[in-house]
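If you want the building blocks of each chain, they are given just below.
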Amino acid sequence: MSEAPVSDVAEKAPARTDGRFGHAMLKVQGLKRYFDVSAPWLNRVLEKQPKQILKAVDGIDFEIARGETFGLVGESGCGKSTVARLIVGLYGPTDGSITLEGNNIAGLSRKEMAPMRRRLQMIFQDPYASLNPRWRVRDIIAEPIRAFNLTSGNTETAERVAELLNFVGLNPRDGEKFPHEFSGGQRQRISIARALASKPEFLVCDEPTSALDVSVQAQILNLMKDLQREFALTYLFISHNLAVVYHISDRVGVMYLGKLVEVAPSKTLFSTPRHPYTRMLLDTIPDLDMTGRERMPVGGEVPNPITPPPGCAFHPRCPFANDRCKSEAPQPIAVDGGALVACHGVEEGRVPQGPILATPAKPDGLATSVHE
Amino acid sequence: MADPLLQVRNLVVEFPTRRGTLTAVDNISFDIAEGEVLGVVGESGAGKSLTGAAIIGLLEPPGRVGAGEILLEGRRIDNLPYEQMRRIRGRQIGAIFQDPLTSLNPLYSVGRQLTETIMTHTDMTPTKARDRAIELLTEVGIPAPTRRVDQYPHQFSGGMRQRVVIALALAVNPRLVVADEPTTALDVSIQAQIIALLKKLCREHGTAIMLVTHDMGVIAETADRVAVMYAGRIAEIGPVREVIKNAKHPYTHGLMGSIPAVGHDAERLEQIPGSMPRLTDIPQGCAFNPRCPQAHERCFRDRPEPLPVEDSRVACWLYNEANALSYEDAKRAVAAKEQVSEAQLEEQTNV
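Going line by line, the protein sequences match chains E and Z. Take the first sequence: its letter number 217 is residue 217 in the numbering used here, and every next letter is one higher. So the numbering used here is basically just the index in the second sequence, starting at one, shifted up by 372.
Don't read these hints as lab results, they were simulated from the structure. The structure displayed is predicted, hence computed values, not measured ones. Zero decoy hints are in this set.
Taking beta-carbon pairs under 7 Å as the criterion, some of the chain E residues facing chain Z (in silico): (1) GLU75; (2) ASP213; (3) SER215; (4) PHE270; (5) ILE285; (6) LEU288.
Backbone N, C-alpha and C define an ideal beta-carbon position, used for all residues, glycine too.
Based on the provided sequences and hints, a complete structural model is requested.
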């Protein structure tokens, strides 16, 4: 699986944190994960097909400071969940490094990973699928405590479980129940309690509120913010919901087809997005203020990641694309406001600045409009 | 104007179980006018999808319409025999469901599914129906429709599949489309495309839509009027602007505050404590009373009916007792009244 060429990571500016937080806790450099999605060997030989490699994550760099919330947004299939799984060690990387407080954690064996795993926990998207239906809640929450031998005995474990249930706003008596007795929001609280059980410092949250109703989502987001303050947690928060990411994140990375196209402090990203993709994405946020603005639908769809377009992967949907974009992949460059943008157009100053997209008509008639 | 296109009168949807009958939709009434988009929002389990299913006559047994009536163009449709209802479904009422993969048959080409629908409901010849199918695919924005028409659902992406489902729903120009979470399974950028498409088609064909979703953003962009459902009842129904900008029911108020928005900086989101009651233990009086910050004595005793407040109808005792026009007014008026009654009580005890 590692036969893909190991490209030399050119002198890319690392995604620096903006100084409000301490040193980098998690550092990801040149991270890649390729999947072999070829047809079976015999079919390939008979039908003379080449191997097919899916570049789910294709060389990304970022840092997360202690106590910070780093949001990762993108459409489905852009590789954001793969990044989450790489970081917690559910997948091994094809290339690149992940360091947690200076210790490399990429591609470690289970045994080597074990002490790291206590510090690194994950909250999954689907609270119905991520809790064992045949275990009582107290056993689900106690599992990390027992796995890492964090308490001296059963009484202490029980006390700790009760304490955790309290933290997440459940009743300690709920520990006797089974997961099916809880609603989606309560189950997500159980997932959070389990993630906190090993006293982690870093939580990877993969779409933790996507399966929940808005009113329940608000409860969970508030809880996550409270817990972050209380336990000085660092979050990697993955979501496709831009408003949620805006609400919870200090910095945000935007992914498109396995690459980070823009990384910026949350405020900067949402007030002055630079990359054309980020701008289009922001334009798709439904307008609750009812300004009567017509949304400009992004033309086209995410291309097949097995055969991504050459050059900048976004060029077929980009109103500013030119010949250079079609042939040469852009590298992230630092722009003002602490942002990193991977776009030839921004680098050359071809893409007009400002949050509102007022685009020239694209030759093939991509629907664009000037609003407000 | 004549009768509204769709009238729902005191609809009750219930599920008989061994331990008694569960009422999932409890006595709701609303209208949809011709060409109007009515949004129906609510949390999961609020009964919004069941209302949609009752209208298209596709309630899964043992669920059944327990009482009330549904009228389409003045004609009752909730008690029709299966065959008759089948004819209305498709011809007069189209349906769009959440998951575009399960609403298409994977074994038939897209074109065959479209022509089958067209030929069931009209007397077009196969050739003509095929032309119409291609025309429909063009209309919903599928590129190269003459080639795509012979392809199978798995060859389409999620967004394209949902376009095909919309084409199917609109195949014979129905008067009403019931769209149950049509954009929930799609990516944000595709979501915007699908909403724009739905709006455009309805404008052009004058089709009315009942848009069931939990996404307030989608409603804000698409709907003319909104019904907010809670625990099987309508809490508030009114023009979309009124409901979103000037929410009257405390539940709607809390719901709107719990939606995170870009540009809106708040350390914490407003949250409604607790969760929606299960069907087995809906409290007496107003179903929202255990979570309502404004609940007073009457809310625990009597169930409020939706009564007109400005352009909306709101099922909340705050308005009935205070005659207020906004949530803030109602809150103040009820608080003042309670103070007065406390003072009176003190006076009486003193005397």
